[in-house]
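Q: Chain residues, written in single-letter form:
There are 2 protein chains.
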Amino acid sequence: MRSRTYGQFCGLAHALELVGERWALLIVRDLVLGPKRFTDLHRGLRRIPTNILSARLKELEAAGVIRRRLLPRPAAGVAYELTEYGQELEDVVLRLGLWGAKSLRDPLPVDIVTTDSLILALRATFQPEAARELRAGFELRVGEIVVHARVEHGAPGDAVESGSVHVAGDPDLLTRFVELFRIPPAPFAAPA
Amino acid sequence: MRSRTYGQFCGLAHALELVGERWALLIVRDLVLGPKRFTDLHRGLRRIPTNILSARLKELEAAGVIRRRLLPRPAAGVAYELTEYGQELEDVVLRLGLWGAKSLRDPLPVDIVTTDSLILALRATFQPEAARELRAGFELRVGEIVVHARVEHGAPGDAVESGSVHVAGDPDLLTRFVELFRIPPAPFAAPA
DNA sequence: CTGGATCCCTCACGATACTG
DNA sequence: CAGTATCGTGAGGGATCCAG
Numbered sequence: 001m002r003s004r005t006y007g008q009f010c011g012l013a014h015a016l017e018l019v020g021e022r023w024a025l026l027i028v029r030d031l032v033l034g035p036k037r038f039t040d041l042h043r044g045l046r047r048i049p050t051n052i053l054s055a056r057l058k059e060l061e062a063a064g065v066i067r068r069r070l071l072p073r074p075a076a077g078v079a080y081e082l083t084e085y086g087q088e089l090e091d092v093v094l095r096l097g098l099w100g101a102k103s104l105r106d107p108l109p110v111d112i113v114t115t116d117s118l119i120l121a122l123r124a125t126f127q128p129e130a131a132r133e134l135r136a137g138f139e140l141r142v143g144e145i146v147v148h149a150r151v152e153h154g155a156p157g158d159a160v161e162s163g164s165v166h167v168a169g170d171p172d173l174l175t176r177f178v179e180l181f182r183i184p185p186a187p188f189a190a191p192a
Numbered sequence: 193m194r195s196r197t198y199g200q201f202c203g204l205a206h207a208l209e210l211v212g213e214r215w216a217l218l219i220v221r222d223l224v225l226g227p228k229r230f231t232d233l234h235r236g237l238r239r240i241p242t243n244i245l246s247a248r249l250k251e252l253e254a255a256g257v258i259r260r261r262l263l264p265r266p267a268a269g270v271a272y273e274l275t276e277y278g279q280e281l282e283d284v285v286l287r288l289g290l291w292g293a294k295s296l297r298d299p300l301p302v303d304i305v306t307t308d309s310l311i312l313a314l315r316a317t318f319q320p321e322a323a324r325e326l327r328a329g330f331e332l333r334v335g336e337i338v339v340h341a342r343v344e345h346g347a348p349g350d351a352v353e354s355g356s357v358h359v360a361g362d363p364d365l366l367t368r369f370v371e372l373f374r375i376p377p378a379p380f381a382a383p384a
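Chains as they are written, first to last, in my numbering: chain A, 1 to 192; chain B, 193 to 384.
In short, the hints are calculated from the structure, not lab data. As the structure is a computational prediction, the values presented were derived from the model and not from experiment. All C-beta atoms in this analysis are idealised placements derived from N, C-alpha and C, irrespective of residue type, glycine included. Certain hints may be false.
To be verified - Which bits of chain A does chain B cover? Going by a derived footprint, with three or more residues having C-beta under 8 Å, they are:
| id | region |
| --- | --- |
| 1 | 22 to 36 |
| 2 | 50 to 60 |
| 3 | 78 to 89 |
| 4 | 93 to 102 |
| 5 | 105 to 119 |
All chains should be built: construct the whole structure from the sequences, respecting the hints.
A: See the structure below:
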């Protein structure tokens, strides 16, 4: 079937055959935060055509990375969730996202920010050492999105709402926030 | 230029735009072990067409992941090497390779094993805790490839030669080897 | 011989429309 | 809501050719 193989007996090559196709890791990213319906996934990945999303879901299921689950009534329907094997990708997804974030420049007009990517970014940048002894709640607003981050016992949690743009707060807590969620500085200047 | 964008202001999406194209991470993998010429890369990735390799190298260079370097005489020519930013991918490459290795099944007839992938596999599976107090050398032979792994002060090193198939050694040391380089068991049975 | 560039073919991707 | 059908485009694949 798959003639588009790398032809290498190698863990990395095999991994790329499982989740290396276009859009695949972004689907995994959105499923890291929990099961989602087809339409939820499509909302989070606006630019993916539905046939491609459909194809990727089938491939990821065949690869043992995700699983289809029938939702119980009343919200009957289908949801997709990571298998245990798929969940093991979370670490790689966060690290790769962190690596990419180092060379992120200003957003293009077409770029959107999704709630899921924002929550994942908070998780990826969280600095547990800076969170010892701290109990606090932060509210992060980007465009329409509002994310609440609770920090407790050196671990972050998060919740979501919808709202509008707003910036306010105690400057000291902002400093604290910057310590808690930190992206190491980029070691080079990326070209345009 | 790049209309094939994910349209997300997100570290992961950006990372995938830099190194998510087909073959890109395999090129990075081979460069993790040091600078290589165009022909060396092509030898390690037999099934990549030269125009694709050429295109990927240009893209990775534009992305700030690799760098062209002119080789000094007498071996004049061009070599490609990871930038500092590119080197930061090593961890992700190893982890993703480890993840993929968990669902690796028997090699297809077309699959090849390269020296580089073997060395990377040893690095990825190395268990430092098991290596305390141990000083030893292992020789691993797969097909034509021979890899020497030295373990010293809880860290591995490696060297390479060429040879033929051979299996021999002290059984106790084999046990020790298995402890040192371990892939956690697969949590599921991957479909064909 | 290295280090690619060029040509051509095929198929996966992507846009859009449509259906159970 | 959850996809399938259709179709055009462009990237990947393979072979060949070319310059230093």
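Q: If you look at each residue in the region 22 to 36 of chain A, do at least three have a Cβ nearer than 8 Å to any Cβ of chain B?
A: holds (count 5)
Q: Please check whether the region 105 to 119 of chain A has three or more residues whose CB lies within less than 8 Å of a CB on chain B.
A: holds (count 8)
Q: Test coverage of the region 78 to 89 of chain A by chain B using CB-CB distances below 8 Å; three residues minimum.
A: It holds, with 5 qualifying residues against the three required.
Q: Confirm or reject the coverage of the region 93 to 102 of chain A by chain B under the rule of 3 or more residues with a beta carbon closer than 8 Å to the chain's beta carbons.
A: That given contact holds, which follows from 9 residues of the region 93 to 102 of chain A lying within Cβ reach (below 8 Å) of chain B.
Q: Using C-beta distances, would you say chain B covers the region 50 to 60 of chain A, given that this needs three or more residues below 8 Å?
A: Per the Cβ count (0), the hint is violated.
Hint check: a violation occurs at hint 2 only; the rest are consistent with the structure.
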